[in-house]
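Protein sequence lines correspond, in order, to chains A and B. Just so we're aligned, residue 7 is where the first sequence starts under my numbering, counting upward by one. Just so we're aligned, residue 215 is where the second sequence starts under my numbering, counting upward by one.
Please note that a few of the clues may not be correct.
[As the list claims (entries may be wrong)] Result set (BS3-like, lysine-lysine): computed pairs, CA atoms no more than 30 Å apart in a straight line:
| no. | chain 1 | residue 1 | chain 2 | residue 2 |
| --- | --- | --- | --- | --- |
| 1 | A | K166 | A | K111 |
| 2 | A | K91 | A | K10 |
| 3 | B | K238 | A | K57 |
| 4 | A | K166 | B | K274 |
| 5 | B | K368 | A | K62 |
| 6 | A | K91 | A | K106 |
These aren't lab readings, by the way, just hints derived from the structure by calculation.
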Amino acid sequence: MIKKIPWWLGGILMALLLLFTFSVIGANRPIGASTYVPYFAGILFDLDPDKYTYLKEIHNPASWEGVMLLGVLFGSFLNALFITKTFRFVIVPYAWKKYKNNSAKSRLFWSFVSGFFLVIGARLAGGCTSGHFLSGMTQTAFSSMIFGAVVMISLIVTGKLFYKENTNDVQ
Amino acid sequence: MMYNKDTSMIDRIISMFQTVSDEKHGSVILVFVIGILFGLIIQYTKVHKFEKIAGFSMLKDTVVPKMLFLAIGLASIGLFFMIQLGWASYHIKPITLGGLIIGGTLFGISMAIFGKCPGTGPVSVAEGRIDVMVGAVGGIVGGLVFTLFYDKLKIIMGSNLGKLSLTEYFESHQGLSVLIFGLLLVAISIAIPLVEIIDEDDPNNQL
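For reference, chain A alone in the conformation it holds in the complex:
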């Protein structure tokens, strides 16, 4: 059973999925993946959509992304269990141990904080890797190119500053 595909095949398949989703026989819209987060937060915390303009504004795209997300969770879960066999409970990823530290507490703290700002950042910009990067740049949108350039720079600067280069002091 195939458990991994090369980057170029993934790129071609992702392009085909994007085009299908854009097409009139598909969904006639782009793929996006961050609008559902505040939408779910609204449901979980029982926020009244009549009172919060943002919930009203995003209702339609967030519903679409919500259903898509359920598909992602469903497919990835079954595939991880039965085919790729990649389902494992893990707290500290391998590269975190190698380039940061061995502490579960540190990893969980940073996960929570970065998860928080990831969503704030995506919603401020109006999209994420899916909505801006993949779908937006496919449409040659200037907004998405600005987003892409800013993200690339801040990602790489953070990678340089946050992680350590040599691994001598680990174990």
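Since the structure of chain A is provided, determine the placement of chain B on it from the hints.
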């Protein structure tokens, strides 16, 4: 605050499916299948792994940018032709400089530290990654804060400078500009040298 009126959690989840079913953006089943395929492409290329995304931030793993640029390069050319044939249309996001620059900066920092983004995170959650589940809780709290303070945050997002794109900017050379853009991205994706961090804790990576 809890369970007032007729908007219980279940009603609102039903409303989510109802909305998709009423809209003309594919049936509920089709959208669900798009999600499955999206997740599987991510899972099989492993671009959701911490090693791939945080590894990219350290420039020690280049699978993410190679795949991303190839997908965008190919899809941009394909989409242009589809639009010419009337099979699709553009859905451009507006330029809001404050939102794009502040949001993009926060997003890039968070992506480097978390090693996930909103599309790849759910794949890791489905694979049992506890750190990503905790990050998802952080994300939901982020979504809550954004919703609560939206009216104030709107001010720093800045004014809408329009939905400009390459095809509008080079109006008389639309096809050529998209072709150059697409081929350039494909060339970049091939030119970036392939380096990878192998997750040595993962028995499935010993292929």
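Inset, instruction - With a cut-off of 30 Å on the C-alpha distance, tell me whether K91 (chain A) and K106 (chain A) pass. - result: At roughly 27 Å apart (the allowed maximum being 30 Å), K106 (chain A) and K91 (chain A) satisfy the hint.
Legend entry - Proposed proximity, K111 (chain A) with K166 (chain A) (alpha carbon, max 30 Å): Measuring from Cα to Cα gives roughly 22 Å; hence the hint holds.
Inset, instruction - Starting from K238 (chain B), check that the Cα of K57 (chain A) is at most 30 Å away, please. - result: holds (27 Å)
Legend entry - 30 Å limit on alpha-carbon distance, applied to hinted pair K368 (chain B) and K62 (chain A): holds (15 Å)
Legend entry - 30 Å limit on alpha-carbon distance, applied to hinted pair K166 (chain A) and K274 (chain B): holds (11 Å)
Legend entry - Holds or violated: K91 (chain A) to K10 (chain A), with C-alpha atoms at most 30 Å apart: Holds, because 11 Å separates the two Cα atoms, which is no more than 30 Å.
Of the numbered hints listed earlier, not one is contradicted by the structure.
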